[in-house]
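Keeping their order, the protein sequence lines are chains A and B. All residue numbers for the first sequence refer to my numbering, where the first residue is 1 and numbers rise by one. All residue numbers for the second sequence refer to my numbering, where the first residue is 1 and numbers rise by one.
One thing to keep in mind: the hints can contain errors.
[What the hints assert, rightly or not] Simulated restraints, written as ranges between beta carbons of each label pair:
1) A/LEU42 <-> B/LYS255: 49 to 59 Å
2) B/LYS255 <-> A/LEU21: 43 to 53 Å
3) A/LEU19 <-> B/LYS255: 27 to 37 Å
4) A/GLY38 <-> B/GLY51: 45 to 55 Å
5) B/ASN249 <-> A/GLY105: 42 to 52 Å
6) A/LEU42 <-> B/ASN249: 33 to 43 Å
7) A/ARG16 <-> B/TYR159: 24 to 34 Å
8) B/TYR126 <-> A/ARG122: 32 to 42 Å
9) A/LEU21 <-> B/PRO125: 31 to 41 Å
[Said to hold, decoys possible] Away from chain A, derived, C-beta distances all over 10 Å, residues of chain B:
10) ASN20
11) TYR28
12) PRO35
13) ARG38
14) LEU47
15) GLY69
16) SER129
17) SER147
18) ASP152
19) ALA193
20) ALA253
21) GLU257
22) ASN259
Worth flagging that the hints you see were computed from the coordinates, not collected in a lab. Where a beta carbon is used, it is the ideal one built from N, C-alpha and C, also for glycine.
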Amino acid sequence: MEEIEHPIRNNFEGLRGWLKLSGYGWERVSYWFQRLTGVFLLIYFIGHIYETSTIVNGLNAWESFLELTQTVWGHLFLIVVIGASTFHSVNGIRLIFTHVGIGLGTPGRPDYPYNPSSLNYRQKSGIWIALILSVLAMYYGFNILFGE
Amino acid sequence: MSNNDNKIEDKIKLKVYRENRGQNSKSYYDSFEVPYKRWTTVLDALLYVKGYIDPSLAIRYSCRMASCGSCGMKINGIPRLACYTKISELETSTIECEPLGNFPIIRDLVTDFSLFYKHHKNIQPYIQSTESVETAAEEKTYSYNQSPQDVDKYLQFSYCIKCGLCYSACPTVGTDLRFPGPQALAQLYRYFADTRDESKNRLNIVDDRHGIWRCHFAGSCSKVCPKGVDPALGIQLLRSYMLGVSKNNKKQAEKIEVNLD
Ligand code: SF4
Ligand code: FES
Chain A
1 MEEIEHPIRN NFEGLRGWLK LSGYGWERVS YWFQRLTGVF LLIYFIGHIY
51 ETSTIVNGLN AWESFLELTQ TVWGHLFLIV VIGASTFHSV NGIRLIFTHV
101 GIGLGTPGRP DYPYNPSSLN YRQKSGIWIA LILSVLAMYY GFNILFGE
Chain B
1 MSNNDNKIED KIKLKVYREN RGQNSKSYYD SFEVPYKRWT TVLDALLYVK
51 GYIDPSLAIR YSCRMASCGS CGMKINGIPR LACYTKISEL ETSTIECEPL
101 GNFPIIRDLV TDFSLFYKHH KNIQPYIQST ESVETAAEEK TYSYNQSPQD
151 VDKYLQFSYC IKCGLCYSAC PTVGTDLRFP GPQALAQLYR YFADTRDESK
201 NRLNIVDDRH GIWRCHFAGS CSKVCPKGVD PALGIQLLRS YMLGVSKNNK
251 KQAEKIEVNL D
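Using the sequences and the hints, build the whole thing.
This is the structure:
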């Protein structure tokens, strides 16, 4: 790809634009959550690898690290992990299809009021399903972790 | 005439972003009270300000009918065409007008489109024929035989007026200036899908770390596009060909010699 340079950078939205969520529809919400959960899960996995590697320092080190997750805050953190991984996986499946044009409709002759076929309810419902499933998974995790 | 048309004019408050980059002046917001009717557009209101209140207000426009693509700006935070947005449909008592995000500001609501056009030019937005030179030398004229189905594959993407709303709405553009943006990518698909185009390396142009792979289908481009181009659809279809999920079985359009005598 030809290198495109541009000296003037004023008014580029950067993270401010990235973080703007309202007014752009559900697909933007999906984009936002997919990225946030992705970054969060990456940090979690690094922490997780560190946690499991404490076993090389002996059983005591491993158990004292595990105790961190046995607190109220530790449980809440794990519930967020459950929600994030459920959303990321379910919405990820939706994105695998949409990224290759499946479920987005076919090009046609646009007519007023120009409803874009790619933003149809078929693919949009995938976002809602991902959100609902992650709430259910968090609820289930809450019951297991805080239940008797 | 409805009652609404008869009543004394309603007024709306316009909050307009002001800045003159050429003079390194500080940015600020100006407020203007403007009369409006049911059919008044944001562009009409801004022209009222320019005509009767403050002639120094800088705006760019031409057709006033969503055809030239020059009046794009952020209206209440969302990229829209000022001539295509009616004040009455916004349903707010104050309307905020700001320059399009992701475009460098020149003055007030006027932004610099050079990077946007560079990206557009970079995808080679024209039909490429392997025989064009010979055809010109032979002084023959050809027409291409395309079925309505062939035309449907690219027609909606050719409705693009290069207004830049999609480029402004795209969250990836905001963080990566080398990303071609939804407009250029959708135009690449427009030419790729056209059976008259014989280019062999069009797809390579965007097969890059900063290219098509940066699109994550936030869909904001299609949400704001005023012409129904649906750039997000074009991009995903293009990616499908690039990943080999869709097979490229494009049949080249047949050329028919036209006798002009
Ligand atoms: S794709 Fe739509 S929003 Fe983007 S430049 Fe073209 S007409 Fe404007
Ligand atoms: S003035 Fe031409 S698109 Fe608005």
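Which numbered hints are broken by the structure, listed smallest first?
-> 3, 5, 18, 19
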